[in-house]
Amino acid sequence: QQPVQSPQAVILREGEDAVINCSSSKALYSVHWYRQKHGEAPVFLMILLKGGEQKGHEKISASFNEKKQQSSLYLTASQLSYSGTYFCGTEGFGNEKLTFGTGTRLTIIP
Amino acid sequence: DAGVIQSPRHEVTEMGQEVTLRCKPISGHNSLFWYRQTMMRGLELLIYFNNNVPIDDSGMPEDRFSAKMPNASFSTLKIQPSEPRDSAVYFCASSLMNQPQHFGDGTRLSIL
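Sequences listed follow chains A and B, in order.
The opening residue of the first sequence carries number 1 in our numbering; numbering runs sequentially from there.
The opening residue of the second sequence carries number 1001 in our numbering; numbering runs sequentially from there.
The following block holds chain B by itself, in its conformation from the complex:
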């Protein structure tokens, strides 16, 4: 079975540009999570969805960050405008309710 698929794997862009990260969860999973990982702050949960509905977005750092899940097989995390401090690895994970999370390979984002 295909795992969680994220795209792009790497993104390098200039400060101020819009960045869109994409995630396809494992088919049948009804929970989806967006994480950010940095050396300083570790693995932080940004937002998670149950059945396509955002449940907790308290980890979203600022209004510059937004996430959507228009259907059960697709989610996006958008940063507009991007800043150098947004540079990190962004992971998407999916799971069945209250079951272990399966992580995608991540998007390594660099904002210059």
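Here chain A stands alone, though its shape is the one from the complex:
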């Protein structure tokens, strides 16, 4: 089952914060986050392996709520370079394959 991402799209002014959510209908082993710029390949941002785990990458961080089967990506003080489509990928238990969500298109304007 494909994870559901929200919102589908968001427009921010430079410096504003954003939260992107990823929800699954099944128990999760891990959550991966990727960013894809227009016309380019998806690029790995971070992976969360444990419930409650939080990670950061510059001003981009994420959390994983194992009980709720959800993950959130936080972008703080957004920069123009953050524009792109963000995908979460989820893995269930038992060596299940990574399944990507539908993506969230983030546009940062000056």
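Think about it this way: if two alpha-carbon atoms lie no more than 25 Å apart in a straight line, the pair counts; the simulated SDA-like pairs of lysine to any residue are:
| # | chain 1 | residue 1 | chain 2 | residue 2 |
| --- | --- | --- | --- | --- |
| 1 | A | Lys68 | B | Gln1099 |
| 2 | B | Lys1078 | A | Thr99 |
| 3 | A | Lys97 | B | Gly1059 |
| 4 | A | Lys26 | B | Gln1037 |
| 5 | A | Lys97 | B | Asp1063 |
| 6 | A | Lys37 | B | Pro1100 |
| 7 | A | Lys26 | B | Gln1099 |
| 8 | B | Lys1024 | A | His38 |
| 9 | A | Lys26 | B | Ile1055 |
| 10 | A | Lys37 | B | Ser1110 |
| 11 | A | Lys37 | B | Ser1087 |
| 12 | A | Lys26 | B | Met1060 |
| 13 | A | Lys37 | B | Gly1003 |
| 14 | A | Lys26 | B | Asp1056 |
| 15 | A | Lys26 | B | Gly1059 |
| 16 | B | Lys1024 | B | Ser1058 |
| 17 | B | Lys1024 | A | Phe44 |
| 18 | A | Lys97 | B | Ser1066 |
| 19 | B | Lys1068 | B | Ile1055 |
| 20 | A | Lys97 | B | Gly1042 |
Hints are computed from structural coordinates only; laboratory data are not their basis.
Here the structure is a predicted model, which means the values were calculated and not measured.
Model the placement of chain B on the given structure of chain A, informed by the hints.
Only chain B this time, still in chain A's reference frame:
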């Protein structure tokens, strides 16, 4: 280090023709994935290999699609015969087992 290398970058061909997409994974990676990306369906996993062996091909849409990995450094995705609805961007990705995937630049396929 070289990343995942895909060829060709762009392919335009007529309906009914055979199309072969190629991928060279990152050296040392033992998992390889083929994805298809369209506006309507997003990023779909077609097939993936572990140690050159196909593990899950449930995403392959039809018998017209086939994939091979004859050795650890090369894989192909073939469509025969091609149809206009096959038009998409096809990505190859590789990884170490259970590690993040590294994507190639993709092949933009247009079937006329």
